[in-house]
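Throw the hints in and build the complete structure from the sequences for me.
What follows is the residue order along each chain.
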Amino acid sequence: MTNIDVTLKNIMSIEGAIAAALVDYTSGMTLGVLGGGPDLDITVAAAGNTDVVRAKLRTIQLLGLGEGIEDMLITLDTQYHIIRPLRGANGQGLFLYLALSKSRSNLALARHHLRLAEEKLEL
Amino acid sequence: MTARGRRTEAGAALPRRNERLADDAPPHPAAETRPVPVEGPLATARGLLSDLQLAVPGVRGCVLAGVDGLLITHNLPGGRDAHDVSALAATTAGLGRQSGMALGQGGFRDATIRSLGGYFTVYLIGGHALLAVLGDDGLNVARLHIEAVPVVEKLADLLPR
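Protein chains in written order, with our numbering: chain A, 1 to 123; chain B, 1 to 161.
Mixed in with the good hints there might be a few duds.
Some chain A residues well away from chain B (every beta-carbon gap over 10 Å; in silico) [said to hold, decoys possible]:
(1) N3
(2) M12
(3) L34
(4) G66
(5) G68
(6) I69
(7) Q79
(8) A89
(9) S101
(10) R104
(11) A108
(12) E119
A short list of chain B residues far from chain A (calculated; beta carbon distances all over 12 Å) [stated by the list, open to error]:
(13) Q53
(14) G61
(15) G66
(16) T91
(17) R97
(18) F120
Cβ-Cβ distance ranges computed for the label pairs, FRET-style [stated by the list, open to error]:
(19) A:G48 x B:D84: 29 to 39 Å
(20) B:A43 x A:L123: 47 to 57 Å
(21) A:H112 x B:P57: 31 to 41 Å
(22) A:E15 x B:H128: 43 to 53 Å
(23) B:T44 x A:L57: 33 to 43 Å
(24) B:R80 x A:E15: 44 to 54 Å
(25) A:D39 x B:D137: 29 to 39 Å
(26) A:R104 x B:A43: 48 to 58 Å
(27) A:L116 x B:T44: 48 to 58 Å
(28) B:M101 x A:L123: 32 to 42 Å
(29) A:L123 x B:L116: 17 to 27 Å
(30) B:M101 x A:L65: 47 to 57 Å
(31) B:P57 x A:L73: 18 to 28 Å
(32) B:D137 x A:E15: 39 to 49 Å
Just so you know, the hints here were simulated from the structure itself, not pulled from any lab data. C-beta: ideal position from N, C-alpha, C; glycine also.
Dropping the structure here:
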């Protein structure tokens, strides 16, 4: 089991990682961030993607699908953004956020590593 | 008891808010109807408040006040007294200022109160005015802090120094 800082370090060791964050989508505030910089303000990304997660959860609820979100992939011109809501009992209301360079990363491998990181995360 | 009733009972010792009121504040339900200006700095300021409300889901309304707690303008929905919110904003900012001074952490910047049913956030505008934002419980408060920065800067340019 790993804490938040170690989890974010593990996520940032994924090939092509640009920035990672653990975000509380009830408030949009971050519990931890790593990476980012002048090109990508991670707190802005966290607050903005909070609305993305809320909108998708609400849509699933309105559709009456009764399903949870495993992860969300947003593909930009040069980046992948992966959002992974935490499914465990202690992770309610949180999501992991990872920005990847499209050219330097392997998407399948990144998703796999992100799932492993979530499983190991202890809050 | 309404705020108006309190003001009447407070007597002549307290400054009368109505005397300091900007002439073109949006009509308060209890006040006589005044025409709302379509241009000028106050109309621009109210436009900025509405922009902030539209930009951040969960914002119920905004109040622009002086650091003395007197209302400048607002876009609150009916039923809430903007004068009272202005006074609350000044009290909150005062507490924040005292905390910063006592702890040696510098001047006041913003303060957020989270109650069981919502948020109340106060931003200092250029040292002489306050922006108070009322939000419901589902407010994305991190996003509010991001979106409020340019609004506070624009309001600081707009208001007389």
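Hints and how they fare:
1. N3: 22 Å, holds
2. M12: With a cut-off of 10 Å, M12 of chain A remains clear of chain B, as the shortest Cβ separation is near 21 Å.
3. L34: Check passes; 17 Å lies beyond 10 Å.
4. G66: 22 Å, holds
5. G68: 20 Å, holds
6. I69: 18 Å, holds
7. Q79: 20 Å, holds
8. A89: Answer for A89 of chain A: holds, closest chain B Cβ roughly 22 Å.
9. S101: Per Cβ check, S101 of chain A is outside 10 Å of chain B; nearest 24 Å; holds.
10. R104: Label holds. Min Cβ-Cβ 28 Å, cutoff 10 Å.
11. A108: Label holds. Min Cβ-Cβ 31 Å, cutoff 10 Å.
12. E119: 26 Å, holds
13. Q53: Correct as stated: the minimum Cβ-Cβ distance to chain A is 15 Å, above 12 Å.
14. G61: 20 Å, holds
15. G66: 29 Å, holds
16. T91: Holds, because the least Cβ-Cβ distance between T91 of chain B and chain A comes to about 24 Å, which exceeds 12 Å.
17. R97: With a cut-off of 12 Å, R97 of chain B remains clear of chain A, as the shortest Cβ separation is near 24 Å.
18. F120: Check passes; 14 Å lies beyond 12 Å.
19. A:G48 x B:D84: 29 to 39 Å: With a Cβ separation near 33 Å, G48 of chain A and D84 of chain B satisfy 29 to 39 Å, so the hint holds.
20. B:A43 x A:L123: 47 to 57 Å: 48 Å, holds
21. A:H112 x B:P57: 31 to 41 Å: The hint (31 to 41 Å, Cβ to Cβ) holds, given that H112 of chain A and P57 of chain B are roughly 34 Å apart.
22. A:E15 x B:H128: 43 to 53 Å: Holds - the Cβ-Cβ distance for E15 of chain A and H128 of chain B, about 52 Å, lies within 43 to 53 Å.
23. B:T44 x A:L57: 33 to 43 Å: 37 Å, holds
24. B:R80 x A:E15: 44 to 54 Å: Holds, since R80 of chain B and E15 of chain A (Cβ atoms, about 53 Å apart) stay within the stated range.
25. A:D39 x B:D137: 29 to 39 Å: 34 Å, holds
26. A:R104 x B:A43: 48 to 58 Å: At 50 Å between Cβs, range holds.
27. A:L116 x B:T44: 48 to 58 Å: At 52 Å between Cβs, range holds.
28. B:M101 x A:L123: 32 to 42 Å: 36 Å, holds
29. A:L123 x B:L116: 17 to 27 Å: The hinted range 17 to 27 Å holds for L123 of chain A and L116 of chain B, with Cβ atoms some 23 Å apart.
30. B:M101 x A:L65: 47 to 57 Å: Hint holds: Cβ distance 54 Å, inside 47 to 57 Å.
31. B:P57 x A:L73: 18 to 28 Å: Roughly 23 Å apart at Cβ, these two residues keep to the hinted range, so it holds.
32. B:D137 x A:E15: 39 to 49 Å: 40 Å, holds
Comparing the model with each numbered hint stated earlier shows that all of them hold.
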